[in-house]
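Visitor: So you can see what is in the structure, the chains are spelled out below.
There are 2 protein chains.
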Amino acid sequence: MSIAESLSTPSHAAALAARYGAAAPSAEGPWNAHLDLLLSHRSVRAYRPDPLPAGGLESLVAAAQSAATSSNLQVWSLVTVTDLGKKAALAEIAGGQKHIEQCPVFLLWVADLARSDRIGAAAGAEVAGTAYFETFLVAAIDAALAAQNATVAAESLGLSTVYIGAMRNDPARVAELIGLPAGAMVVFGLCVGYAAAGAEGEVKPRLPQEAVVFHETYGAADENRMLAAYDGEMAAFSARQGMADDTWTGRVLARLGSVAGMKGRERLKEIVQALGFPIR
Amino acid sequence: MSIAESLSTPSHAAALAARYGAAAPSAEGPWNAHLDLLLSHRSVRAYRPDPLPAGGLESLVAAAQSAATSSNLQVWSLVTVTDLGKKAALAEIAGGQKHIEQCPVFLLWVADLARSDRIGAAAGAEVAGTAYFETFLVAAIDAALAAQNATVAAESLGLSTVYIGAMRNDPARVAELIGLPAGAMVVFGLCVGYAAAGAEGEVKPRLPQEAVVFHETYGAADENRMLAAYDGEMAAFSARQGMADDTWTGRVLARLGSVAGMKGRERLKEIVQALGFPIR
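One line per chain: the protein sequences are R and Y, in this order.
Be aware that the first sequence starts at 1, since it is given in our numbering, and climbs by one per residue.
Be aware that the second sequence starts at 1, since it is given in our numbering, and climbs by one per residue.
Treat the hints with care, as some may be off.
Given that identical chains are not distinguished, each listed pair holds provided it fits within a single copy or across any two copies.
To be verified - Pairs of lysine to aspartate or glutamate residues, derived as EDC-like cross-links and limited to a Cα-Cα distance of at most 20 Å, are as follows:
| hint | residue 1 | residue 2 |
| --- | --- | --- |
| 1 | Lys86 | Glu216 |
| 2 | Lys86 | Asp231 |
| 3 | Lys98 | Glu216 |
Hints are computed from structural coordinates only; laboratory data are not their basis.
Build out the structure end to end from the sequences listed, making use of the hints.
Guide: Listed below in structure tokens is the structure:
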């Protein structure tokens, strides 16, 4: 039972309404300050230059390392970047995302099988497992669990974040910039810092729970109705945010419909293999 | 600034000592009840039969959906399993992990590109992107970010969890049990419930921060010393927990050293491809 659980807040229904719009579930369930923090997440794309508080990075890392990790393998690493030239180069790889340069510290989350390989080399033992798709997937998933804990920790300190998948536009160049060995690859970046004034924005609505959560067996009979309703929610959200007018389903098709939308990432498997993951 | 942040607790140094042993960083940084919750995580492998509190699952799902998702694609789904026969079958796939049967609800996290394919089909549009390794990776990572938020939410409610990577021992059989369409695959399971008496155990020590976090450039000069010290921490932890006496580096090599240690997961790429992900 946590300290914060006793802090009942009046924000439960408001948090659900912000996250789901008209499709919000009822606010009858349990609620506490932790849930309030989790539901209030927004990705932020403009930062003040102020550094993290002293010891803040260590708190984020402690949270990250406290996440579960498959068989306690800990097959991820983190490289922090504050160097302006390096951040500029990384921003360029990401198609000119200025928030990478703005944020005081840019975190690069590394799927890292190189450490296991070094342990094997020191013991004179083969490490056959690191060649497989399964083991790469473990490293990517465990890096994600860790990064999400770091994100929650950051937001608990009044900091903001945004994940940068566009590090995968050119993982070889990213690896070169931070000196990664073979068997290590940045799976995504994470900007961390204090949001610029007005940059926090509104909580983004998500699909209704009934569209993504199924009981015992996959599937929802009325998916088409729910997706149409969500298109309406997102159109209203975009209008409020001054963003381009498009439906959510239209954006999904724009992003996944063509290979041209993948910005080089259609070659990711070959690139990852060249970085020392056979992906067998 | 969260409600809980003002709750300064005396537990900061204790939490770091539990997580890192002798290698704990100094407790000079910021601290709050959220960080306390994150650092107190333990994977739990024995559960009471009591169900989740009413509305609890909806709170976990709301937290999960509040995690970031690449381009707002939301390419994951969740299938909840409470059926005893189905849980028994899933426990068997996982090599007889009894906690899957014990926990009141077992969550199956699905990398789900089938929804995007259905959106394309409804629009008469091709969805070329779903065939690629990159897009599978996005789905797996986004499922992990969501699941980690659900884990934090669960623990905030006094519930416990354990991730079950062993769903990947036989993803085709798992898919069959819950009726997944092509282009959808369970990447891992998550037991959720109240820990059985005494089952919470001790916080597991992790590698020192200096062994996994690097600044500007990858690598630590004194890695060998840090790994040896961690071997000592884990040996002491295992002795306190009555677990088999082995070093951490020894366990890494036991798990990754040979293909035999992979329990069928060495075939994962072919299995995932057969489930409708070309992994191009």
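Visitor: Would you mind marking each hint as holding or not holding in the structure?
Guide: Okay, the hints, checked on the actual structure:
Taking the shortest Cα distances, lysine 86 and glutamate 216 sit within 20 Å of each other only across copies (8 Å), while inside one copy they are farther apart (48 Å). For the identical chains of this complex, lysine 86 and aspartate 231 are neighbours neither inside a copy (39 Å) nor across copies (35 Å), given an alpha-carbon limit of 20 Å. In the homo-oligomer, the alpha carbons of lysine 98 and glutamate 216 lie at most 20 Å apart only across protomers (19 Å), although the nearest pairing inside one protomer, at 44 Å, exceeds that limit.
Violated hint: 2 only; the structure is consistent with all others.
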